[in-house]
Structure formats: structure tokens, C-alpha cells
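There are 2 protein chains.
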Amino acid sequence: MKNKLYFSAISKRAEEKAFDAIVEEQKSIGYYALPDQDIGPILEYCSSIPETIETIAVIGIGGSSLGAKAVYEFIKPVKELSRKLYFFESTDPININELLSKCDMNKTHFLVISKSGSTVETFSIYKYIYSLQQDPSFYTFITDPGSPLEKYALEIEASVLYLPDNVGGRFSVLSTVGLVPLALCGIDIKDLLTGAQMIKERFFDRGYVYDMLLEKAVYYAENHAQYSINCIFAYSETLKYFCQWYVQLWGESLGKHQRNSAFHVGLTPIGLIGPEDQHSFLQLIMEGTRDKSVTFIKIEDFHDDTTIPDITLPHLEMLDTLNNLPFSKLINMQCDSVIEALLDQNNIPLDTITIQSVTESNIGSLIFYYELLTSLVGELIDVNTYDQPGVEAGKIILKSKLQEL
Amino acid sequence: MKNKLYFSAISKRAEEKAFDAIVEEQKSIGYYALPDQDIGPILEYCSSIPETIETIAVIGIGGSSLGAKAVYEFIKPVKELSRKLYFFESTDPININELLSKCDMNKTHFLVISKSGSTVETFSIYKYIYSLQQDPSFYTFITDPGSPLEKYALEIEASVLYLPDNVGGRFSVLSTVGLVPLALCGIDIKDLLTGAQMIKERFFDRGYVYDMLLEKAVYYAENHAQYSINCIFAYSETLKYFCQWYVQLWGESLGKHQRNSAFHVGLTPIGLIGPEDQHSFLQLIMEGTRDKSVTFIKIEDFHDDTTIPDITLPHLEMLDTLNNLPFSKLINMQCDSVIEALLDQNNIPLDTITIQSVTESNIGSLIFYYELLTSLVGELIDVNTYDQPGVEAGKIILKSKLQEL
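First to last, the sequence lines map onto chains A and B. So the first sequence is numbered by this note's numbering: it starts at 1 and just counts up by one. So the second sequence is numbered by this note's numbering: it starts at 1 and just counts up by one.
So here's chain A without its partners, still in its complex pose:
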């Protein structure tokens, strides 16, 4: 993974301070340790799921689903996977029934994931699915030790797996929450963690990625009032769900009251996919208000030689320059052209991330890079990166509405 910045931050002191804070934070926040975990027990558990199971269905929402979805959808198009993976995330009945129509109930294993063990969406859907499949051997529950969900699972004699300590939902993709569904589908979770570990080591050893992460975090924090919107512009369809994962990670971590002030702060994440969004969002970046930074993500080698054939279309000879060009080269030329065009503009902070190819290791690196960046920016804008008090109010209102019924 390469990262090139086309801007520079001013405060070296802020960089040092943020780094020190992260080194300290590492002792109490759980996600930093995930790349180094022993995955033996997870693999052993996964091998206990019978081969007759053809589909894995996650019942979970937000941090319980977005990470696994990002990795699965990244790898799926390039690797023959052993099982299909679906996500029940919505209480939209149309969606629930559409997903269920794809699941043979005797060949589907359900992973019910809820940290608190009382998420309304998750349990509404679980109750419905339970009414269709009452055999507990078709379920695994992933929750915090001691939660009511753990007690329930033990009572019905279903499998229970646990979240590690102090790992919040949106930072949990490299824990059981993400690793179990992914391993069950044949994703190489060892490689995934190796990729994450590489970034972790380089960062904490002040190696290659350290400078970029620090400089970028300080720049975003220093300029957060002007560049309040941070776009990822990824040039591959395979990164669509990675963008969704990023949106939760960034938005929910950084959109907060400051710890030491009454200010509302926050940076707004936007996930874009090129080339489609060249024909949608690019105009706004190019000519709209100067409130956006953009990170381009490119895949260097698609391992795909699909090529535009050497065909001349009468009256369309001007398109012959496309002939014999591999699509993988075209998409990267499109990306480079947009980058060049934006660099010609003033006041649009850009950087590029290049990942070598579509592999577990590379998405693992990208995930850990973004987790570190989020932690650094959170520190620098003085928020608690790891809580989400703002979502409680709506839950309390819903609860009282439900009780009134």
C-alpha cells in the first residue's frame, strides 16, 4: 500500500502529540491488538459448521455487519468462495423477505451479532427468522460476556462467541464479529490480519506509513472548519462497501461534542466510486464550494486482462484510441486524469492510496490504515472517538413508543 499526499500540515508538534496519545491509548482501546490475535479458536469453531451449510446470514446492523460486508464484497468478485454471505440489517419487510427468499433454511447458518444484546433491529429480525427455523444448531450468537443474549444462547444450547474487551462495533471487523462470517465463507482471515499488522507495525515503528498518517491527520484537524467533508474516491466497484464501512467509522467516531468545549465538531465522510461518480459527484468537487478533501484509492493490478477489442466503428473512429487497451489500464488512466484535473484547481487537498491488488492482505492494510487515521483525527479534534451518545435519544423514544402500544 502506497500513500501520496499533495498537501502538507504545519504543526509537527501536533503530530508528535497525537502519536504519543495513540501510543498511550493503545493500552486501553481493544482494536489495536486485533492484528496480533490468535485465530486458532475461530478457525476451529468455523470447521465445526457442517459442510451442508451453503449460506451464512449475519443478523446484525452497523458495526456488526459493515466490516464483514466490506471485506466480503471486496474479495468475492475475484475468488471462488465456499459459501454465500447475506446480511439482514434492515427492518424493511420488503428487504427481509427478499433476502429470505435466497436462503434455504436447512442450508443456512445464522450469526446473530449484537454487542449489547438488545438491538431492536437485530432481535425483530431474529424473532421472525426463529419462527421459521427453531433448531438452535442453525444459530451462533456473538455478544459481550454477561449480556442477556449470552444467557439466552446458553439456555437454548446454541453456540456463543464473544467480542474482545473494549472493541466498539465500528472497530470490530478484525474481531470475531468480522472474522467468523468471513472465515466461514472461505476468506483468508490470516492474510487479512497480516495486512493489518503490517500497517500497525510500520506506524508504531515510525516506518513508511507513519509520516503520511500523521501529516494527513494533522492537516484534516487543522483545516477541519474549511475542509469539513472528506471524500474517498475509489476506482473499483469492489470497494463500494469499504466506502460504507468508512462512512460509519469516520462519521460516528468524529461527529461529536468536543471533550473540553461546548462545540459541535465533526468531519463528514462521503464514499464515491469511479468512474461512475465522475459522472455524478465530480462536478461538485471541481467547481463547488471548497469544503472537500479527496482521497483517491486505486488498485494497481486487477489481475484481469479483459481488453477493449480492436474494433473500428464507422463514424466513431475517434474512439479507436481505446482499442487494445485493457480495462484495468483504462480505469486507472481515468483515475489519473481526474487527479490531474483536480490538481490544476486551487484549494482541493488530495491524496492517493494505491493498493497492489485485490487480496485479503491489502484490504486488511486499508482497514487498519483508516482505523489509525480515525483515532488520530479524533485525538486532534478533541472528541471521544469510541462512543456514540447521540444515537441513544432516538432509541429511548422508540422504546417508550413501543411500550405505549
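What the hints contain is simulated information worked out from the structure, not anything from laboratory work. All clues given are correct.
In the DSS-like style, the derived pairs of lysine-lysine whose C-alpha atoms are separated by at most 30 Å in a straight line are: (1) K2(A) to K298(A); (2) K102(B) to K240(A); (3) K329(B) to K401(A); (4) K76(A) to K79(B); (5) K190(B) to K76(B); (6) K107(B) to K102(A); (7) K12(A) to K2(A); (8) K240(B) to K401(A); (9) K240(B) to K395(A).
Please read these numbers as outputs of a predicted model, since none were measured by experiment.
Given chain A, put chain B in place with the hints provided.
Then chain B, alone, in the frame of chain A:
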């Protein structure tokens, strides 16, 4: 369709001025007339496509695909459609091959849609597909009269359909561009236009929707420096691609240099889907920087009685309040709870749009409502709503890169 605003604009004079400008603009901008068109020729053309065709594939990008996709994905989950519809929008080779694997080449009709007739993505993909299927009867081309693409299509004796005058890509869903693929799949395009027409009439007759549209547009324009981000929070999975269509419409229309100043202006669109994004983006809206307005879109009647069963789970008795509740009621209660929670906050401008049910007519109304709103805001922030000069620079750079090869 109902629309309720929880904020009010100050300038009644601005409202009158914007309305007058739209009445004037209607004479030259083509999309306003689309609801009143005669769809006879389109239906006749569609009936000429043989019944052996099971799949329709659009080769097009941005305005050539997003509108049809929005309507198709809205209706698909609730209606038995006659054909499948796929969209080739990306030059990502992984994506192209994945889509092609779903298309039986002898049962697929391709709609090649390019207004200019020289879109790089569209023709790269077309050339590739043409190398697999060279029979022109499997293709229909939709373009501007006189374009090189028209000449090509006529030369190979394939069908050609035309875009109406002065209809830009992102405003073209109710023209041949959207109507042909939709009608070919069994979507009722007459109802779609009726829904649009209803909004059009009410607006120009200063009926029900007139006040909301004007007030909202003026509020967004008056406060564009503070509320520079406009979120749609739609409580149904079926509106996911409508949100993508909205992002192009809003971003590409409003992100501009002002006509009469050197200012960069623009409002940033974000599409969210509830309840999932309650577990992702909501925290940022609730507690982050006060730079966002939010429009909630609800579906009143899902015509679905899928109900949470009356099951008590040991140790999880607190979730019994969910029992016997239809999911359709739960999702709307979730929406209402989030609205209430946000109304308790200061400085978050909200409005709600309620559509009665998932029908062609209702999505037609919603589309035309957003087109009118875009035109009004564009007028009020002094931009040319209908051009996109900012995307040209990247295209020129790409062209010269291609020539250098």
C-alpha cells in the same frame, strides 16, 4: 405525497422571484414537458422487442443509468417484472465480467445510451460486448439526433431512439433514456408520468406542493453557507438507488461557479437509508457540526404484513414489546423516533416527505418534486443548473493520455 417542513424561510420575495424564473425557464428547458409526452411510440417500440429477450442491459453511465436504476430498484421488490435489468456503468473489468456472467447473450437486449455519442466508458464497454454479440438486432441506441452514434447505428441497421431537445442527462429519467428500459421490464411508465404530472400541475397551479417547494428552496439558498450539506434519510431499502440519483441531480446541478460572481458555491447531497444509517451516520447529524439539513422520506403503507412473531425469549423478555408488531410499523416508528430526537436538538433543519406506497406513480412524483426543487435552488444560488463544465477537464486529459499511448 405529503411534505412537512419544520423550518421556515424569510424571504417571500425570493420565493416569488424563483417561481417566476421557473415559469420562464420552462419554455426552454426540456424536462418540464416530459410528464405530458405521448408515450405511444415508446410502448410501440418496446412491443417490437421479442419475447425471447429475458434481460435488458443498459450500457450507459451517470444520467444515462441512474434514473432508470432508481425506478427499477424501487419497484422490483414489490412487483413481478417481465424482464431483468442490468446496468453496465463501470470500466472496472471485474464488474463487467460479473455482470456479463448474468447475461445470456442470446436472450439479452442491450440499450446503448449516450447523449453525446462519445462517452469513453460507454463505448469501451460497448466494443467489448459487441465482440461477443455482433448481431445488430440485439442493440438499441439512444442518442441525440445528428450525433456520430446515430450515424453508426443507422449504418449497422440497428434501432435508434432519440433524446428530446434540451433534456440533460441527470434530468432525463422521464424521457426515452429512462422510459425505454423501464417499459421493457414491465414497469408502468404511464403511471410513472402521471405521478410526475400531478406534482407539476400542483406546483405551477400554486397548489399543495407549491408552498413547500418554494419555502424549502429559499431556505436552502438563504442558509447555504451554514447548511451546506443536504441529507435524504429514506426509511426503505427500495429508495437506495433513488438516493444515488438524487446525489447526481443535486451535486452536479448545484456545484458550480456562480453565474455572476467568481464564487464557488454548491450544496452537498448525501443519501442515507434508515434504519441502517441510524447505526452509522446519525451520530454525526445529532452531535456533529451543524452543517446539515435532513429530509426524511417515509413509505406510509408497505402493503406487507410481515409481523414480528409473539415469541418470548428467555432472558430477553424486555424485547417482548416488539411482539405482534408488523415490520412496516416498526420501521416507521424508528423513523418517527429519530425525527423526534432530532427535533429536540437545535439548528438541524428537518422536513419529512411521506409517500403512500411503493408504486410507479409515487416514485414519479418524488422524482419530479426533486427536479423542481433542484431547479429552484439553482436559480436562487445563481448557477446554471443544467451544465457541468467541471467534468470536461478530466475528459480532455484522458483523451490526450489515450492519444499518447
